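Undergrad: The primary structure of each chain is shown beneath.
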Amino acid sequence: AQKVTQAQTEISVVEKEDVTLDCVYETRDTTYYLFWYKQPPSGELVFLIRRNSFDEQNEISGRYSWNFQKSTSSFNFTITASQVVDSAVYFCALSGYNFNKFYFGSGTKLNVKP
Amino acid sequence: DSGVTQTPKHLITATGQRVTLRCSPRSGDLSVYWYQQSLDQGLQFLIQYYNGEERAKGNILERFSAQQFPDLHSELNLSSLELGDSALYFCASSVGFSGGGTYNEQFFGPGTRLTVL
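Here the protein sequences line up with chains U and A, keeping their order.
Quick note: our numbering has the first sequence finishing at residue 114, numbered continuously throughout.
Quick note: our numbering has the second sequence finishing at residue 117, numbered continuously throughout.
Hint data in this document are derived by calculation from the structure and do not stem from the laboratory.
Watch out, some of these pointers could steer you wrong.
Stated by the list, open to error - Listing some non-contacts, in silico: residues in chain A with all C-beta distances to chain U over 12 Å:
(1) Thr-7
(2) Ile-12
(3) Thr-13
(4) Gln-17
(5) Arg-18
(6) Gly-28
(7) Ile-47
(8) Gly-109
(9) Val-116
To be verified - Below, computed lysine-lysine pairings styled on BS3-like, alpha-carbon distance capped at 25 Å:
(10) U:Lys-109 x A:Lys-9
(11) U:Lys-3 x A:Lys-57
(12) U:Lys-101 x U:Lys-16
(13) U:Lys-3 x U:Lys-101
(14) A:Lys-57 x U:Lys-101
(15) U:Lys-70 x U:Lys-38
(16) U:Lys-113 x U:Lys-38
(17) U:Lys-38 x U:Lys-16
(18) U:Lys-70 x U:Lys-3
(19) U:Lys-70 x U:Lys-113
(20) U:Lys-38 x A:Lys-9
(21) U:Lys-38 x U:Lys-101
(22) U:Lys-101 x U:Lys-70
(23) U:Lys-3 x U:Lys-109
(24) A:Lys-57 x U:Lys-38
Since this is a predicted model, take the numbers as computed values, not measurements.
Ideal Cβ positions, reconstructed from N, Cα and C, are used throughout, including at glycine.
Based on the sequences and whatever the hints tell you, model everything.
TA: Written out as structure tokens, the structure is:
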């Protein structure tokens, strides 16, 4: 069975702190894709990143970085020097090769306080 | 503004009724995706269309159906509505389809909030 677990329901940090959002997944597929999405208080979903199972290189985009480790089935997301605008619910997701098996985690609500 | 539009923004209806949600993708995007976000089920992928054809089907109930028209807009039809169908329904679009090893960045609409009383 495929499953995505985001154990952190809610995290609160003070602005400029670094924060890591955890994502652990389960799949029997050898080819799969992992995603992160952001849902700010306004409600819209924003696609952040896609990573395929063959590429374990870490990725950095500005203050955002992602750490993919197949050995631990984890795809963690770090925000460096957090800002109030980073306050949102962040979802990790897992997809099979054909996109029809697509599972979201339950989300982590990040509160960044000034 | 993602460029994806969804109508209506809010919809209130009664159990047993049928509703249609509409999505217009970004200009030039050929793929449309539908998602449901509810308190009980969380976020779920429902279905993907590419250039009028169904490409991938997720956890879409038999009471629900969708289609993509020649002008590329899409409609999600929900029938025999139940209280548990109350949710935020998102549409997303991308240039190409996703699947078979190909993935395209999705741009999401603001959603339609459906309340079933």
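Undergrad: Does each hint hold? Answer for all of them.
TA: Now the hints, each set against the structure:
Taking the minimum C-beta to C-beta distance to chain U, about 15 Å, the non-interface status of Thr-7 (chain A) holds against the 12 Å cut. No beta-carbon of chain U comes within 12 Å of the beta-carbon of Ile-12 (chain A); the shortest separation is about 17 Å. For Thr-13 (chain A), the requirement that its beta carbon stay farther than 12 Å from each beta carbon of chain U is met, with the minimum near 20 Å. For Gln-17 (chain A), the condition that its CB be more than 12 Å from all CB atoms of chain U holds, with the nearest at approximately 24 Å.
Every C-beta of chain U lies more than 12 Å from that of Arg-18 (chain A), the closest at about 25 Å, which supports listing it as non-interface. In this structure Gly-28 (chain A) is separated from chain U by more than 12 Å, as the shortest Cβ-Cβ distance comes to about 17 Å. Look at Ile-47 (chain A): its CB is around 9 Å from the nearest CB on chain U, not clear of 12 Å, so calling it non-interface is violated. Its closest Cβ contact with chain U, about 7 Å, brings Gly-109 (chain A) to no more than 12 Å, contrary to its assignment away from the interface.
Once the 12 Å rule is applied to beta carbons, Val-116 (chain A) is consistent with being away from chain U; the minimum gap is 19 Å. Restraint check: the Cα-Cα separation between Lys-109 (chain U) and Lys-9 (chain A) comes to about 24 Å, which is no more than 25 Å; the hinted pair holds. This hinted pair checks out: Lys-3 (chain U) and Lys-57 (chain A) have alpha carbons roughly 18 Å apart, not beyond 25 Å. Between the alpha carbons of Lys-101 (chain U) and Lys-16 (chain U) the distance comes to roughly 37 Å, so the proposed pair goes past 25 Å and is violated.
The hinted pair formed by Lys-3 (chain U) and Lys-101 (chain U) meets the criterion: a straight-line CA distance of about 10 Å does not exceed 25 Å. Taking the CA atoms of Lys-57 (chain A) and Lys-101 (chain U), the gap is near 8 Å; set against the 25 Å cutoff, the hint holds. Proposed proximity of Lys-70 (chain U) and Lys-38 (chain U) is supported: the alpha carbons are some 23 Å apart, at most 25 Å. Between the alpha carbons of Lys-113 (chain U) and Lys-38 (chain U) the distance comes to roughly 18 Å, so the proposed pair stays at or under 25 Å and holds.
In summary, the hint linking Lys-38 (chain U) to Lys-16 (chain U) is supported, as the alpha carbons are separated by about 19 Å, within the 25 Å threshold. The hinted pair formed by Lys-70 (chain U) and Lys-3 (chain U) meets the criterion: a straight-line CA distance of about 15 Å does not exceed 25 Å. A threshold of 25 Å between alpha carbons decides the hint, and for Lys-70 (chain U) with Lys-113 (chain U) the separation of about 33 Å lies outside it, so the pair is violated. Between Lys-38 (chain U) and Lys-9 (chain A) the CA atoms are separated by roughly 20 Å; this keeps the pair inside 25 Å, and the hint holds.
Between Lys-38 (chain U) and Lys-101 (chain U), the direct Cα distance comes to roughly 20 Å. Compliance with the 25 Å bound is thereby established for this hinted pair. Only pairs whose Cα atoms come within 25 Å are accepted, and Lys-101 (chain U) paired with Lys-70 (chain U) is accepted, the gap being roughly 19 Å. Proposed proximity of Lys-3 (chain U) and Lys-109 (chain U) is supported: the alpha carbons are some 19 Å apart, at most 25 Å. For the given pair, Lys-57 (chain A) sits about 23 Å from Lys-38 (chain U) by alpha-carbon distance, which is consistent with the 25 Å threshold.
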